[in-house]
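Student: Residue numbers (the working numbering), protein chains in the order written: chain A, 1 to 243; chain B, 1001 to 1302.
Calculated directly from the structure, the hints in this document are not laboratory data. C-beta atoms are modelled at their ideal positions from N, C-alpha and C, and glycine is treated no differently. It is possible that some hints are incorrect.
Taking beta-carbon pairs under 10 Å as the criterion, some of the chain A residues facing chain B (in silico) [as the list claims (entries may be wrong)]:
no., residue
1, V51
2, L52
3, I84
4, G89
5, D90
6, P130
7, L134
8, V146
9, S148
10, A179
11, G180
12, A181
13, H208
The following residues of chain B were derived to be distant from chain A, with all beta-carbon distances above 12 Å [what the hints assert, rightly or not]:
no., residue
14, L1131
15, R1167
16, V1182
A few chain A residues that don't get close to chain B, going by computed Cβ distances all over 10 Å [claimed, not checked]:
no., residue
17, L6
18, R11
19, A13
20, A54
21, G55
22, A105
23, A151
24, R161
25, R192
26, Q216
27, V223
28, A225
29, L227
30, A231
31, V235
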Amino acid sequence: MHHVVLERWSRGASPIHRRDPRAKLAALLVFLVVLATAQQSLPAVALALFVLLAGALLWARLPLMGALIRAGIVLPFTLVFAAIAWMSGDPARGLALLLKSYLSALAVLLVVSTTALPVLLRGLEMTGAPRFLLMVAQFLYRYLFVISEEAQHMAKAAASRGASVRGLTGHGARFRAAAGALAVLFARSYSRAEEVHRAMMSRGFLGHFEPLFAPQFQKSDAVFAILASLAPVLVRLAVERTV
Amino acid sequence: MKAAVHIPDGFLSTPVWTTLDAVAAPTVVLIVRRAQAGFEESKVPLLGVMGAFVFAAQMINFPVGIGTSGHLVGAALLACTLGPAAASVVMAAILAIQALVFQDGGILALGANMLNMAVAGVFAGYLPFHLWGNSRGRRLAIFSSGALSLLASAVLALSELLISGVRMPGSVLGVSLGLFAVSALLEGAITLAVIEALEKIQPGFVRRPVAGKSLAFGAIALMAVLLAGVGVLLAATTPDGIQKLGLETGIAGRGHALISTPLSGYEVSFLRAEWPRKAGAGLAGLGLIYGACALIGRGRRK
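Let the sequences and hints guide you as you build the complete structure.
Tutor: Here it is in structure tokens:
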């Protein structure tokens, strides 16, 4: 499962891993905007930005191929639209959709695989995103795999009892069975949440997380933020001048 | 059958995503505050775990027709059980995790996706349940909740793409609208079936809608439905018509030069020196939104 891979990657050690999450988020935002607004000689700009990202991935000691494949998650959705654009006589736009969405995904991947998610969310919180929302996201991520596993067990159990969605008859019954399974999963999740809540209260939960560490925005982070933000801008300017 | 449309980065034109981010940021902050007010903060595990439930629910397949299957999207189900504000927060958290961890949906497009699914999807979906959830047509109300929530978010996403200049020939547009309709019916049927099953297990899960309480809620819900309705009308016309409408109403606020039709000769020369300014304007806009939100937040806390 790829999220496990992400967990492993994000706990690596490299100069990029050590930077403050806010510095990385700022650089990511600049990169995305530079990419999103690129129009002139886009393929060349995209290639240059790709080289930049690949260099950063190597610098972060991440497996290059693995990352490139993982960012391909966006491709199925994009390919459909690119094909439609192509067919309706606008191949340039189709290509633009492909390049932009893939490179954006790769850039996001670079940031989340060099920053553990709790640290990243903490960084977002310190830049002023609503804490309540981020706490919900944190809990969601924590229990995502627990509840997903439960759903998988239920699906497996149903399959072992001979249930399958692919068939020609008995749709109504199977539909109701699936609805029942979801209702059970809902009830279980709900009561699990209550148990979690009770356990946390008994350990003195005050309604918000007390972070074990507070990232310090140091000089090196500021330097990194400035350089990493300038890099895509300069790369694009240089490419557009020469091409 | 994938019904939820998570717009990746690169699909929306710059004026569209900046505008939607600008609208989404304060809206989400407002909804979060509302949810926080009606919910003890210590209940936050519940919202998180229910978000995980919605994720996991995608693994349970519902038979649709011969050999195909669909799954729950969940905005309406959450709205009927947790209430609209809390459901909206859960959906927003889901979208954030999907964009960050799973690269499903873009970061710049996060505002658009949140407006489509966490705001419009939830509030439009809650509207029928809110209005008729206590009446004799309760089952129909729940069904339309599911259907409307999916339809609202899908149609909004589609019209945003069209306004951004993503070309779609009429036939493709027709097919996708048809697909949305089928997905909407499916979401309605799943929502209804799950809620009925839930009530058999434990009746307390499903909310009793309290009639005529919140003006803000009504406004957001109506806005979502209206926007989706306009979206349908727009999508029914040709994409060119939509672009024209986008131009005329100045929907992006920045005039027609920014509605991107990339690589058409005129704009290439026009943009040669323009992009750093444009990108700068985009970033400055984001900065302004951020500053405004931070100020509002600080003012509220006092």
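Student: Taking the hints in turn, state whether each one holds.
Tutor: Hint-by-hint comparison with the structure:
For V51(A), the interface hint is violated, the least distance from its beta-carbon to any beta-carbon of chain B being 18 Å, above 10 Å. Annotation: L52(A) was flagged as interfacial toward chain B, and the flag is violated, the nearest CB pair being 16 Å apart, outside 10 Å. Nearest Cβ of chain B to the Cβ of I84(A): about 5 Å, under the 10 Å cut. The hint holds. Satisfaction of the interface hint for G89(A) is found here, the shortest Cβ-Cβ separation to chain B being roughly 8 Å, below the 10 Å cut-off.
Using the Cβ-Cβ criterion of 10 Å, the hint placing D90(A) at the interface with chain B is satisfied: the shortest such distance is roughly 5 Å. Because the smallest distance between the Cβ of P130(A) and any Cβ of chain B comes to about 4 Å, under 10 Å, the interface hint for this residue holds. Interface hint at L134(A): satisfied, since its Cβ lies 8 Å from the closest Cβ of chain B, which is below the 10 Å cut-off. A distance limit of 10 Å between C-beta atoms decides the matter here; for V146(A) the minimum to chain B is near 7 Å, and the interface restraint holds.
The criterion of a C-beta within 10 Å of any C-beta in chain B is met by S148(A), whose closest approach is roughly 4 Å, and the hint holds. Hint on A179(A) holds. Least Cβ distance to chain B is approximately 3 Å, under the 10 Å limit. Taking 10 Å as the C-beta cut-off, the interface hint given for G180(A) holds, the closest approach to chain B being about 5 Å. Against a cut-off of 10 Å between C-beta atoms, the interface hint on A181(A) holds, since the closest Cβ of chain B lies about 6 Å away.
Interface restraint check for H208(A): the shortest CB-CB distance to chain B comes to about 7 Å, inside 10 Å, so the restraint holds. Separation of L1131(B) from chain A is adequate, the least Cβ-Cβ distance of about 24 Å exceeding the 12 Å criterion. The Cβ of R1167(B) does not lie farther than 12 Å from every Cβ of chain A; its closest approach is about 5 Å, which violates its non-interface assignment. For V1182(B), the requirement that its beta carbon stay farther than 12 Å from each beta carbon of chain A is met, with the minimum near 14 Å.
With 10 Å as the threshold on Cβ separation, the claim that L6(A) sits away from chain B is violated: the shortest Cβ distance comes to roughly 6 Å. Against chain B, the non-interface label of R11(A) holds: every CB pair exceeds 10 Å, the least being about 14 Å. Against the 10 Å criterion, A13(A) stays outside the reach of chain B, whose nearest CB is about 21 Å from its own CB. Annotated as non-interface, A54(A) keeps its C-beta farther than 10 Å from every C-beta of chain B; the closest such distance is 17 Å.
For G55(A), the non-interface assignment is confirmed: its Cβ lies about 20 Å from the closest Cβ of chain B, beyond the 10 Å cut-off. Residue placement check: A105(A) does not keep its beta carbon more than 10 Å from all beta carbons of chain B (closest about 4 Å). For A151(A), the requirement that its beta carbon stay farther than 10 Å from each beta carbon of chain B is not met, with the minimum near 4 Å. Its beta-carbon lying about 14 Å from the closest one in chain B, R161(A) satisfies the requirement of being farther than 10 Å from that chain.
For R192(A), the shortest C-beta to C-beta distance to chain B comes to about 6 Å, within the 10 Å cut-off, and the non-interface label is violated. Distance check for Q216(A) against chain B: the nearest CB is about 21 Å away, which clears 10 Å, and the non-interface claim stands. The claim that V223(A) lies off the interface holds: its Cβ sits roughly 20 Å from the closest Cβ of chain B, which is beyond the 10 Å cut-off. A225(A), annotated as away from the interface, keeps every beta carbon of chain B farther than 10 Å; the closest lies near 13 Å.
The Cβ of L227(A) lies farther than 10 Å from every Cβ of chain B, with a closest approach of about 17 Å, so its non-interface assignment holds. For A231(A), the requirement that its beta carbon stay farther than 10 Å from each beta carbon of chain B is met, with the minimum near 14 Å. Against the 10 Å criterion, V235(A) stays outside the reach of chain B, whose nearest CB is about 13 Å from its own CB.
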